[in-house]
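What follows is the residue order along each chain.
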Amino acid sequence: MNLLTLVTFLPLAGALALVLVPRDEPGQHRALTLGFSLLTFVLSLGLWFGFDASASAPEFQFEQRLPWIQSLGIGYHVGLDGVALLLVMLTTALTPIVILSAWRAVEERVKEFMIALLVLETAMIGTFAALDLVLFYVFWELILVPMYLLIGIWGSQNRLYATVKFFIYTFTASVLMLLAIIYIYFHDGGTFDYVQARQALQVTPDHARWLFLAFAVAFAVKVPMFPLHTWLPDAHTEAPTAGSVILAGVLLKMGTFGFFRYALPLFPEAALQYRNVIAVLAVIGILYGALMSLVQTDMKRLVAYSSVSHLGFVMLGLVALSAEGLTGSVYQMLNHGVSTGALFLLVGMLYERRHTRLIAEYGGIAKQVPWIATAFVIVMLSSVGLPGTNGFVGEFLILSGTWLSRLGSAPVFATLGALGVILGAVYMLILVERVFFGAMRNPANRALPDLSVREGFVLVPMLVLIVVMGILPGPFLAPAKPAVDRLIGRFQQAEARLGIGPQVGTVTPSVAVRAGAQLPAPTLPIVLPTGGAH
Amino acid sequence: MNGFPTNDFVALLPIAILTVGALAVLLSEVFLVSGRRGYQAAITVVFAVAAGAAAIARPYSGYVFNRQAVVDDFSAFVTVVVCAGLALSALVGAGWLRARNAERGEFYGLALFGTAGMALLGMATDLLVAFIAIEVMSLATYSLAAYLRRGKRPSEAAFKYLVLGAISSALFLYGSALLYGASGSTLFGELAKGRGSPLSLAGLSLVAAGIAFKIAAVPFHAWTPDVYEGAPTPVTAFMAAGVKAAAFALLARIFLSAEAGTAAQATAFSGVISGLAVLTMIFGNLLAVPQRSVKRMLAYSSVAHAGYLLVGVLSASVAGVREKALAGLLFYLAVYAATAIGAFTVVGALERRSRLDDEPADAWDLERFAGLARRRPGLAFAMAVFLLSLAGIPPTAGFIGKLYIFQAAIGAQLYGLAILGVLTSAMGIYYYLRVVVYMYMRPAAGEAEPLSSAATSVALAAAVAVVVVLGLVADPVIRLAQAAGAILL
Numbered sequence: 279m280n281l282l283t284l285v286t287f288l289p290l291a292g293a294l295a296l297v298l299v300p301r302d303e304p305g306q307h308r309a310l311t312l313g314f315s316l317l318t319f320v321l322s323l324g325l326w327f328g329f330d331a332s333a334s335a336p337e338f339q340f341e342q343r344l345p346w347i348q349s350l351g352i353g354y355h356v357g358l359d360g361v362a363l364l365l366v367m368l369t370t371a372l373t374p375i376v377i378l379s380a381w382r383a384v385e386e387r388v389k390e391f392m393i394a395l396l397v398l399e400t401a402m403i404g405t406f407a408a409l410d411l412v413l414f415y416v417f418w419e420l421i422l423v424p425m426y427l428l429i430g431i432w433g434s435q436n437r438l439y440a441t442v443k444f445f446i447y448t449f450t451a452s453v454l455m456l457l458a459i460i461y462i463y464f465h466d467g468g469t470f471d472y473v474q475a476r477q478a479l480q481v482t483p484d485h486a487r488w489l490f491l492a493f494a495v496a497f498a499v500k501v502p503m504f505p506l507h508t509w510l511p512d513a514h515t516e517a518p519t520a521g522s523v524i525l526a527g528v529l530l531k532m533g534t535f536g537f538f539r540y541a542l543p544l545f546p547e548a549a550l551q552y553r554n555v556i557a558v559l560a561v562i563g564i565l566y567g568a569l570m571s572l573v574q575t576d577m578k579r580l581v582a583y584s585s586v587s588h589l590g591f592v593m594l595g596l597v598a599l600s601a602e603g604l605t606g607s608v609y610q611m612l613n614h615g616v617s618t619g620a621l622f623l624l625v626g627m628l629y630e631r632r633h634t635r636l637i638a639e640y641g642g643i644a645k646q647v648p649w650i651a652t653a654f655v656i657v658m659l660s661s662v663g664l665p666g667t668n669g670f671v672g673e674f675l676i677l678s679g680t681w682l683s684r685l686g687s688a689p690v691f692a693t694l695g696a697l698g699v700i701l702g703a704v705y706m707l708i709l710v711e712r713v714f715f716g717a718m719r720n721p722a723n724r725a726l727p728d729l730s731v732r733e734g735f736v737l738v739p740m741l742v743l744i745v746v747m748g749i750l751p752g753p754f755l756a757p758a759k760p761a762v763d764r765l766i767g768r769f770q771q772a773e774a775r776l777g778i779g780p781q782v783g784t785v786t787p788s789v790a791v792r793a794g795a796q797l798p799a800p801t802l803p804i805v806l807p808t809g810g811a812h
Numbered sequence: 181m182n183g184f185p186t187n188d189f190v191a192l193l194p195i196a197i198l199t200v201g202a203l204a205v206l207l208s209e210v211f212l213v214s215g216r217r218g219y220q221a222a223i224t225v226v227f228a229v230a231a232g233a234a235a236i237a238r239p240y241s242g243y244v245f246n247r248q249a250v251v252d253d254f255s256a257f258v259t260v261v262v263c264a265g266l267a268l269s270a271l272v273g274a275g276w277l278r279a280r281n282a283e284r285g286e287f288y289g290l291a292l293f294g295t296a297g298m299a300l301l302g303m304a305t306d307l308l309v310a311f312i313a314i315e316v317m318s319l320a321t322y323s324l325a326a327y328l329r330r331g332k333r334p335s336e337a338a339f340k341y342l343v344l345g346a347i348s349s350a351l352f353l354y355g356s357a358l359l360y361g362a363s364g365s366t367l368f369g370e371l372a373k374g375r376g377s378p379l380s381l382a383g384l385s386l387v388a389a390g391i392a393f394k395i396a397a398v399p400f401h402a403w404t405p406d407v408y409e410g411a412p413t414p415v416t417a418f419m420a421a422g423v424k425a426a427a428f429a430l431l432a433r434i435f436l437s438a439e440a441g442t443a444a445q446a447t448a449f450s451g452v453i454s455g456l457a458v459l460t461m462i463f464g465n466l467l468a469v470p471q472r473s474v475k476r477m478l479a480y481s482s483v484a485h486a487g488y489l490l491v492g493v494l495s496a497s498v499a500g501v502r503e504k505a506l507a508g509l510l511f512y513l514a515v516y517a518a519t520a521i522g523a524f525t526v527v528g529a530l531e532r533r534s535r536l537d538d539e540p541a542d543a544w545d546l547e548r549f550a551g552l553a554r555r556r557p558g559l560a561f562a563m564a565v566f567l568l569s570l571a572g573i574p575p576t577a578g579f580i581g582k583l584y585i586f587q588a589a590i591g592a593q594l595y596g597l598a599i600l601g602v603l604t605s606a607m608g609i610y611y612y613l614r615v616v617v618y619m620y621m622r623p624a625a626g627e628a629e630p631l632s633s634a635a636t637s638v639a640l641a642a643a644v645a646v647v648v649v650l651g652l653v654a655d656p657v658i659r660l661a662q663a664a665g666a667i668l669l
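Chains A and B, in that order, are what the protein sequence lines are.
The opening position of the first sequence corresponds to residue 279 in our numbering, with each subsequent residue numbered one higher.
The opening position of the second sequence corresponds to residue 181 in our numbering, with each subsequent residue numbered one higher.
If you are wondering where the hints come from, they were derived from the structure by calculation, not from laboratory data.
All C-beta atoms in this analysis are idealised placements derived from N, C-alpha and C, irrespective of residue type, glycine included.
Careful, some of the hints might be misleading.
Said to hold, decoys possible - Quick list of simulated restraints, FRET-style, between CB atoms: (1) A:Gly-467 - B:Val-469: 53 to 61 Å; (2) A:Gly-313 - B:Leu-652: 24 to 32 Å; (3) B:Leu-652 - A:Ser-730: 36 to 44 Å; (4) B:Gln-593 - A:Thr-634: 40 to 48 Å; (5) B:Val-469 - A:Leu-344: 35 to 43 Å; (6) B:Ala-641 - A:Ala-309: 27 to 35 Å; (7) A:Leu-776 - B:Ala-641: 55 to 63 Å; (8) B:Val-469 - A:Arg-764: 39 to 47 Å; (9) A:Asn-280 - B:Arg-659: 25 to 33 Å; (10) A:Gly-767 - B:Gly-376: 50 to 58 Å.
What the hints assert, rightly or not - Under 10 Å between C-beta atoms, here's a sample of chain A residues computed to sit facing chain B: (11) Ser-349; (12) Gly-351; (13) Trp-381; (14) Glu-390; (15) Thr-441; (16) Tyr-461; (17) Gln-474; (18) Gln-477; (19) Tyr-566; (20) Phe-735.
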């Protein structure tokens, strides 16, 4: 049995097992779900330790090919490159944490809730693991159903509006991608296999542009990129905590992963044409998301808009198409999953205690709940990218990678992006100040209990990751390197085909030195200054 | 030398079985000794299965009755689909009618006769044979629509269906006459002779209009919501599954006879069909959006699905993708039959019963579905599966069907239709999901307990199994459909 297939479908097996457990036994449902998700995580560690990150290793590892719908050219083909590996690990690590966090928060229809979470986990892992375009699409769309139920059944007041909007938005954007996938089938020798399609795809530049756009729109909605982000604040705000964490932690990365895996390598020429447009939208997203966060009165909405801003950085790093930018983007995907996931968990804990998300209802509660306050501050520092935390490594790599890239007017983009970092610090500090510090005016806050042991178990892994990924980024960056190098290689081939000058990579290394960053040669993005050095 | 045409009658075996079954059920009514009629549904299922098996075994293949009909993989597939539709509808009808004290042999007899007409329609390669088949099928469904005369609604539905159906038959006949004038024959095989002439175009368009009534394509769909809503729910299920499949089989044969060749050689008739497809996809979906009655919404959804199927028919005219398109069409029809019957079954289970007056105005209102997931989780889950399949969301069979049809469309370079198809099906999400919202996300309205009957549960389980299994392991059925795509004209 292929380990990757096992990891992918184990949660689904757990969901089927839950079906057999009587409805009136919520305790059994919780325990079984946690057990299955922990087992999935333990098995996924096998992927982590078994992955060969050297340049000579095969691009996709733990590969498995099985016939599925042969008559339509669809196969079951899965495999992981480094980036997919990191995202699978993020998924398998977050899911048990999320289940633990929902232990008390979800008292109603526990069985359905847990089944939805497990189905969701299989779909997420499958999305990252799929190497067949239709298989990818199936997992990609399969995610919508459990997420739709999570928001719609266990969400807050305005949940029906939010969940229908979420579903329609993302589904509509994806159907054109399905057509693009079918079009590829007819122009790569009749297969939906991603690896073969990437080799054999023959389309005119004109059609390549349309195909790129079809993929890009589907992914841009998921990221979400400005101006396709409007579903996100609603969905995040109305979702239950578990839904928000999964949504922010993993689902948004499916969009950026889609760019990295599909839109960019399949259509490099078209991507080169549109990279400036995407960069502009990314920077608008960074600034717009930050400015919107400044004026929110609802904590969850604030964190949701901050996601728009953070994902803008990821997109900027992707289209910078330099090794640093791409590596930073991959790293920032993980960071955002950890830090924003942790933020949603903390906001959810406050909500469980006070049943309000309004910032004005809180104030000065740090004395009452010192442990929550401490955790919140650490997570906040990671979110704003303080050196020593994971956020710094990602943002630094993205901004320096963008500045040094061959993207048109790169320094402008990098400068505006840096402005977003500052704004990010402003809104997060204001949030912490208003919620935790100052005088305690609201008497309702006087009886707030601090972290329970269970909540401690939820938060500690996140805090540990924040610090470890800040100080020792090496092990997390290493698996991404071969994938990043291969992507850049594909773009260099595209440059050669187009007969244009270099478009990707960085400008001369000497500039890097002058810019003050202790960057090694541009092709070696791994060994970077740790946060502590700055 | 030409003695008794044994082969011709051997070829009609499935139809003969269905007819004998109908007579058996009707006779059983004569010799009835008690009020119990549970065995009638069983007889119907047995004969439906036997007819399907006969179609698969196929003792004779090829043209029969001087090329007026044909037995090929295509007709066999259609026969199996309509027989399966009959069996499921009979089971649904058994539960539904018994709860209303309205179970009679006539119901099953008419359904069997209608299915015989559908099976014949799948074989027809001659305009007159097709007409006879249409009439056999339609007379049975007209009567079935009026089967339960409670209040005004069923009568109105049946009357409307009869009048509009008669008009469509007239159009079909008139078109046939013109085609005979253009090509000198009523055989499909000769239709291409008159290719391109105005007379031929007029004839084909009239014939297509006649069929468009049966498949409920816009602008010939106006009867659909009223009839689907007014007819007894098991009859609606039967019509949605069987009539659509049989009429599409006929349309595919006629269209391919008239339009063989590449897209570049397509005549104005292709334009007519594309126009129908565009209108049907757009308006079927648009009109479904505001419906509060789930039964009516499903009626419009049936219109919308006719639009996607029309795209499949159009793609089949392009040499090279013909087999793929026809296979996609057949696969889609099979999946749609199971899904539609399943969805209408759930609708039927929620109707008020044991009252012989008119159904109230809100009989099929969305409110009836409120909180169904708590009251009857199994029923709600089944409905959710059907709705997701209708919406084309993986991993259901509906997704594979759409993928297949649109794959054929892209292969035929019908990009515009494919784009319109996926965008309008995204519109469908809104009204399908609304039912899911009511079932899973709204508190129960405290309605009466939904119908539970063993026969209905069996039908539902079978439909869910088809939708789920064909979504996950579609390959065997797709292979059968691909074999059936090698159509004889």
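So, going through the hints one by one against the coordinates:
For A:Gly-467 and B:Val-469, the hinted distance range of 53 to 61 Å is not satisfied, since their beta carbons lie about 41 Å from each other. The hinted range of 24 to 32 Å is satisfied by A:Gly-313 and B:Leu-652, whose Cβ atoms lie roughly 26 Å apart. Taking 36 to 44 Å as the suggested C-beta distance range, the pair B:Leu-652 and A:Ser-730 conforms, at roughly 42 Å. The given range of 40 to 48 Å is broken by B:Gln-593 and A:Thr-634, whose C-beta atoms sit roughly 57 Å from each other.
Separation of B:Val-469 from A:Leu-344 is about 40 Å and conforms to the stated range, judged on CB atoms against 35 to 43 Å. Range check, B:Ala-641 to A:Ala-309: about 31 Å between beta-carbon atoms, so the 27 to 35 Å window is met. For A:Leu-776 and B:Ala-641, the hinted distance range of 55 to 63 Å is satisfied, since their beta carbons lie about 58 Å from each other. At roughly 46 Å, the beta carbons of B:Val-469 and A:Arg-764 sit within the given window of 39 to 47 Å.
In this structure, A:Asn-280 and B:Arg-659 meet the distance hint of 25 to 33 Å, their C-beta atoms being roughly 26 Å apart. At roughly 55 Å, the beta carbons of A:Gly-767 and B:Gly-376 sit within the given window of 50 to 58 Å. Against a cut-off of 10 Å between C-beta atoms, the interface hint on A:Ser-349 holds, since the closest Cβ of chain B lies about 5 Å away. Annotation: A:Gly-351 was flagged as interfacial toward chain B, and the flag holds, the nearest CB pair being 9 Å apart, inside 10 Å.
Proximity of A:Trp-381 to chain B is violated relative to the hint, the smallest CB-CB distance being about 23 Å (cut-off 10 Å). Because the beta carbon of A:Glu-390 sits about 8 Å from the nearest beta carbon in chain B, less than 10 Å, this interface hint is met. The interface hint given for A:Thr-441 holds, since its Cβ lies 8 Å from the closest Cβ of chain B, which is under the 10 Å cut-off. Given the 10 Å rule on beta carbons, the hint for A:Tyr-461 holds: about 6 Å separates it from the nearest Cβ of chain B.
The beta carbon of A:Gln-474 is not positioned within 10 Å of any beta carbon in chain B (closest approach about 17 Å), and the interface hint is therefore violated. Hint on A:Gln-477 is violated. Least Cβ distance to chain B is approximately 21 Å, over the 10 Å limit. For A:Tyr-566, the interface hint is violated, the least distance from its beta-carbon to any beta-carbon of chain B being 26 Å, above 10 Å. Using the Cβ-Cβ criterion of 10 Å, the hint placing A:Phe-735 at the interface with chain B is not satisfied: the shortest such distance is roughly 31 Å.
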